[in-house]
Amino acid sequence: MSPALRRQLPLLATAGIFLALFVSAGCLYQGFFSARSVVNLFADNAFLGITAVGMTLVIFAGGIDLSVGAVIGFTSIFTATLIERHGFHPATAAVTALAAGALFGAGMGTLIHVFRQPPFLITLAGMFLARGGAFWISTESTGITHPLYGKITEIEWVITETIRLPLTALILGAVFIGGYLVAHFTRFGRNLLAVGDSEQSALLMGLPVGGTKIGAYTINSMLAVLAGLVATLYTGSGNPSLGIGLELDAIAIVVIGGTLLSGGRGHMLGTLLGILVFGTIQAAILFDGRLNPWWIRIVVGGLLLGFILLQRALVRSAARRS
Amino acid sequence: MSKPVRHSRSPLLWPLIGLAFLILLNVAMDLRAGEWKFLKITMLDGHLYGLPVDILNQGSRGMILALGMTLIIATGGVDLAVGSLMAVAGSVAAVLLTKQGFSWPVAVTVALAVTTLGGAVSGGLVAQLGVQPIVATLIAMVVGRGVAQLVTSGDVVIIKNAGFEFLGNGFVFGVPFSVILVMVLYFAAHSFLRKTAAGLFIEAVGDNETASRFAGLAAVRLKTFVYVFGGLCAGIAGLLATSNIRAADPYRAGLNMELDAIFAVVVGGTALTGGRFWLMGSLVGALLLQTLTTTLYNLGVAPAVATVPKAVLIIAVCLMQSDKTRNWLRGLFPRRSA
Amino acid sequence: MRGIGKKFPGVVALDRVDFTVRSGEIHALLGENGAGKSTLIKVLTGVYAPDNGEIALAGLCIRPQSPKAAEMAGVSTVYQEVNLIRSLSVAENLTLGRQPGRLGFLNWKEIRRHAREMLARLEIDIDVDAELGSLSVALQQMVAIARALDLKAKLLVLDEPTASLDEKEVAELFAVMRRLRGESMGIVFVTHFLDQVYAVTDRITVLRNGTLVGEFPTAELPRLALVSKMLGREVHDVAGRTAEAVAPSPLGSPALLTTHGLTRRGAIQPIDLEIRSGEVTGLAGLLGSGRTETARLLFGIDQAEAGEIKVKGANAQFDSPRDAIRLGLAFCSEDRKTEGILPNLSVRENLIFALQARRGAWRPLSTEEQTKWCDHSIAALRIKTADAETPIKNLSGGNQQKVLLARWLATRPALIILDEPTRGIDIGARGEIEQLINKLRADGMAVLLISSEIEEIVRNSTRVVVLRERRKTGELNGADIETSKLMQAMAGGHTPHE
Numbered sequence: 001m002s003p004a005l006r007r008q009l010p011l012l013a014t015a016g017i018f019l020a021l022f023v024s025a026g027c028l029y030q031g032f033f034s035a036r037s038v039v040n041l042f043a044d045n046a047f048l049g050i051t052a053v054g055m056t057l058v059i060f061a062g063g064i065d066l067s068v069g070a071v072i073g074f075t076s077i078f079t080a081t082l083i084e085r086h087g088f089h090p091a092t093a094a095v096t097a098l099a100a101g102a103l104f105g106a107g108m109g110t111l112i113h114v115f116r117q118p119p120f121l122i123t124l125a126g127m128f129l130a131r132g133g134a135f136w137i138s139t140e141s142t143g144i145t146h147p148l149y150g151k152i153t154e155i156e157w158v159i160t161e162t163i164r165l166p167l168t169a170l171i172l173g174a175v176f177i178g179g180y181l182v183a184h185f186t187r188f189g190r191n192l193l194a195v196g197d198s199e200q201s202a203l204l205m206g207l208p209v210g211g212t213k214i215g216a217y218t219i220n221s222m223l224a225v226l227a228g229l230v231a232t233l234y235t236g237s238g239n240p241s242l243g244i245g246l247e248l249d250a251i252a253i254v255v256i257g258g259t260l261l262s263g264g265r266g267h268m269l270g271t272l273l274g275i276l277v278f279g280t281i282q283a284a285i286l287f288d289g290r291l292n293p294w295w296i297r298i299v300v301g302g303l304l305l306g307f308i309l310l311q312r313a314l315v316r317s318a319a320r321r322s
Numbered sequence: 001m002s003k004p005v006r007h008s009r010s011p012l013l014w015p016l017i018g019l020a021f022l023i024l025l026n027v028a029m030d031l032r033a034g035e036w037k038f039l040k041i042t043m044l045d046g047h048l049y050g051l052p053v054d055i056l057n058q059g060s061r062g063m064i065l066a067l068g069m070t071l072i073i074a075t076g077g078v079d080l081a082v083g084s085l086m087a088v089a090g091s092v093a094a095v096l097l098t099k100q101g102f103s104w105p106v107a108v109t110v111a112l113a114v115t116t117l118g119g120a121v122s123g124g125l126v127a128q129l130g131v132q133p134i135v136a137t138l139i140a141m142v143v144g145r146g147v148a149q150l151v152t153s154g155d156v157v158i159i160k161n162a163g164f165e166f167l168g169n170g171f172v173f174g175v176p177f178s179v180i181l182v183m184v185l186y187f188a189a190h191s192f193l194r195k196t197a198a199g200l201f202i203e204a205v206g207d208n209e210t211a212s213r214f215a216g217l218a219a220v221r222l223k224t225f226v227y228v229f230g231g232l233c234a235g236i237a238g239l240l241a242t243s244n245i246r247a248a249d250p251y252r253a254g255l256n257m258e259l260d261a262i263f264a265v266v267v268g269g270t271a272l273t274g275g276r277f278w279l280m281g282s283l284v285g286a287l288l289l290q291t292l293t294t295t296l297y298n299l300g301v302a303p304a305v306a307t308v309p310k311a312v313l314i315i316a317v318c319l320m321q322s323d324k325t326r327n328w329l330r331g332l333f334p335r336r337s338a
Numbered sequence: 001m002r003g004i005g006k007k008f009p010g011v012v013a014l015d016r017v018d019f020t021v022r023s024g025e026i027h028a029l030l031g032e033n034g035a036g037k038s039t040l041i042k043v044l045t046g047v048y049a050p051d052n053g054e055i056a057l058a059g060l061c062i063r064p065q066s067p068k069a070a071e072m073a074g075v076s077t078v079y080q081e082v083n084l085i086r087s088l089s090v091a092e093n094l095t096l097g098r099q100p101g102r103l104g105f106l107n108w109k110e111i112r113r114h115a116r117e118m119l120a121r122l123e124i125d126i127d128v129d130a131e132l133g134s135l136s137v138a139l140q141q142m143v144a145i146a147r148a149l150d151l152k153a154k155l156l157v158l159d160e161p162t163a164s165l166d167e168k169e170v171a172e173l174f175a176v177m178r179r180l181r182g183e184s185m186g187i188v189f190v191t192h193f194l195d196q197v198y199a200v201t202d203r204i205t206v207l208r209n210g211t212l213v214g215e216f217p218t219a220e221l222p223r224l225a226l227v228s229k230m231l232g233r234e235v236h237d238v239a240g241r242t243a244e245a246v247a248p249s250p251l252g253s254p255a256l257l258t259t260h261g262l263t264r265r266g267a268i269q270p271i272d273l274e275i276r277s278g279e280v281t282g283l284a285g286l287l288g289s290g291r292t293e294t295a296r297l298l299f300g301i302d303q304a305e306a307g308e309i310k311v312k313g314a315n316a317q318f319d320s321p322r323d324a325i326r327l328g329l330a331f332c333s334e335d336r337k338t339e340g341i342l343p344n345l346s347v348r349e350n351l352i353f354a355l356q357a358r359r360g361a362w363r364p365l366s367t368e369e370q371t372k373w374c375d376h377s378i379a380a381l382r383i384k385t386a387d388a389e390t391p392i393k394n395l396s397g398g399n400q401q402k403v404l405l406a407r408w409l410a411t412r413p414a415l416i417i418l419d420e421p422t423r424g425i426d427i428g429a430r431g432e433i434e435q436l437i438n439k440l441r442a443d444g445m446a447v448l449l450i451s452s453e454i455e456e457i458v459r460n461s462t463r464v465v466v467l468r469e470r471r472k473t474g475e476l477n478g479a480d481i482e483t484s485k486l487m488q489a490m491a492g493g494h495t496p497h498e
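Residue numbers (our numbering), protein chains in the order written: chain A, 1 to 322; chain B, 1 to 338; chain C, 1 to 498.
Where hints are given, some of them may not hold.
Straight-line Cα separation of at most 30 Å, BS3-like style, residue types lysine-lysine; simulated pairs [said to hold, decoys possible]:
1. K384/C <-> K337/C
2. K195/B <-> K372/C
3. K195/B <-> K393/C
4. K439/C <-> K485/C
Hint data in this document are derived by calculation from the structure and do not stem from the laboratory.
Build the full structure now, drawing on both the sequences and the hints.
Structure, rendered in structure tokens:
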């Protein structure tokens, strides 16, 4: 196998698995093979996908962010309260939330980089803060009655009679394209991988390590806020319990996509494939109706394990080579 | 083996200070309210009652979890699956007791065996296959939660069994059984670790695994062992929790408790990177967390919101452990003698 | 650089040091460990800020606050460990941080083209899309140098660049350096290989204990004088081998450990060895010849792909260090930081560790036994430490090495493998360790001594096995063990370059 091909093996494996899953589900379940299903793969998982794109950037740089689920919940109830109880316009509420998210992410990034604290612990604290803050605002969900919301959810891109992409899918697409461009076509994106591979080398090469790391956490938190906004659009209400456990799903998606959890290696395309794999499993279970939801956990766990072992085997054989 | 001599201030200092602070806060609140609520301990039916007793009782699960987590973190690892394993223990015991009609000793033994095995699987992934601990136990956590739900077919199972209920609600010589269990477990672990060379080995593996292996340490066996022990602790904690509420809830049992356990260990002075560990410190850390939760509850703070002060506490602890803050503080208060 | 001073808590690293490099000159910076070489370089390259003094480059005063600032000012550095990103491609590594692009978006075609240009300047031929980690260390070094040269650098600092290079690669590096010198670049060459200093440099600056000893043209400073300036005292001719001390064991006595056809791909070609008790077997060879790799096979750290090992005549299989230790082997690694010390644990815990590991968890050593062994070792090896409970990371390198030696001696091994035991240790401690090796040999232990210093091998070995390019190429015994013969065997039958 040529070295170039070997490097992309995890990515190819993910693509293969996605195809295998999709085809088997299509054969097993009537109606799976429809344009609508494919569109739904994106639309239903839009907020998870947006979160995964952000998480990819953080993991590229060798970090991890456990707070994203809580940030989604916080954004949800925060904007709903601003709109319903304080008369904010949805756009203003959204901008405020994004600003808060940026501050939050930058804060975590600073604690992690400047004070040299483990990302795991700091983002854990962030998760506690955001989730607690969400429940502090309100312990129950708040419905959003602003007319703009109703109008927005109807926006969709009509390609043909059967293929209609709702707004949520479009936002996911835009975020993904943005993430891809940043990761592979900007200095910041390449610096993320450099920092993730070896922070010390990156420093000596003159790269802006601090700015890169803090930037990754800031962008990730902002994307989590965006995901929260999208989720609120989807459900039409603000809910502080939204997103519990979501960070683990996001991490699973990134790893299944072939990105190394320790950083330095990965491809944004992998995250897209990871989203598709995850979505297919979920859709298959829904379609089936017989399988119970906890099987998602078990199957995803098994897949994750398989990928980790594959990554390890590849990394080990690469090390033996040099 | 002799006790390791510390060359710096005892790490127990900070969590004890925190605990003292919280106790004083509660006492102050009582003084304002004009009646002793916090420190009141009474004897009723030969049982001790009172808030401190409640704290110890409720906190016993966290303390047991923290004991197991301490050793895992000391080897440089972490176990995110212990919360899910708690749920598995509860589910297994509940199903055996109610749907299969087994006696409670059997149910307890099988449940503990299952979680110990679960710990062994995590340990195998980490120690033998060399998977990163966060990743391996993340997978175990996800799968474990699924298994807990699978075992009860998604139901919350009510348990009506006097023997089993004693575990989480019974009293021995007036003291809650769970508290006794914590003390027994602590003393057993402490003696084993310090009277044999196991404590030294665990600290060595966490400090420099490669050097330990080259010096002839069976690192793989040791690392697997700490995860097995962690699984056992999770099982015990899970049974206590399930017994306490007399029901197995596969969705909520043990939720986020691994994070609390990790936090307790870090507050107790064991570094997240591994090496020297302090079991007593982790116990105090877990107690501190429980006291905080109870204090906030008494202050009328909803439990869901109580995570905010928890977060502030974690950040404060991290900052204090950071060299940068220490240097900065040292700059503010120059010591007269070096 | 003029009057540079730098203090760290508890130690003065540099004290009013002057350092001058001319353009079109290769200037060596020399000094023993702790002399201040690396601190001076770190001040020059912006890693540290000096407490006093000033730096001027081409007449302009510069105060680099960071490595990047130093780069912008015209000082490019190549470090001993390849400080590049192994997971990215060669082209990316060459251009990271300065990629050509428009409106913030990178132009990959341009990146590749520029990368090829940079490599061509040094006449290196590598696929720019290859992953850096898949190249040999030497090639990675070349990429690092190409990157360092890309900026309009006026001064090139090479910090121990030849540590992982073989002879051919060193020659190629020197050719590049000479070419750059011809282009009027100033080059600072930090190294401890004195041969290389005399081969390629024009001037030498010597530091000792943080102060400047002097600056000399290379041609006017003979070796012995240079070494005495580095050490600060007259170097006595190192005691020659005493005949009885290194007499080989009588013929016919069985070897303690033998290997036959032992091999592992990429590490060592099939090798036959005989190691006898009461002898010091020297394992000599240039860097990369396979010495440490062989030791790792003997100790069970790596597994052989073919061949056999026999201990006391019986077949042995080493799947892990534990197996080797059980048969009476011990291994003192060359990398004590990653493979030797348990940094935060006390001196005592480090000392008794190997012995305790062998006994297992269920048979702990009593406090009395531990104290006895600690006191004995600290006295016998003259280990300088406040007490036995100090964390070992607080000790100097030399004392750490002594603790590690004591650790292994506690297990009373039949064969001890010493890999670079005197690396990074000052001359005083070196003598003590060599005396210890001699005593062990006299007491009947088998010693396998690996060292890159030819004189050290010559002084201490009963017989010498020579490795070259991962193959055993010869063995020297008795009167044949002397410097020039050994160097010839290591170099392969022709005199070393220049």
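Review point. Failing hints, ascending?
Key: none
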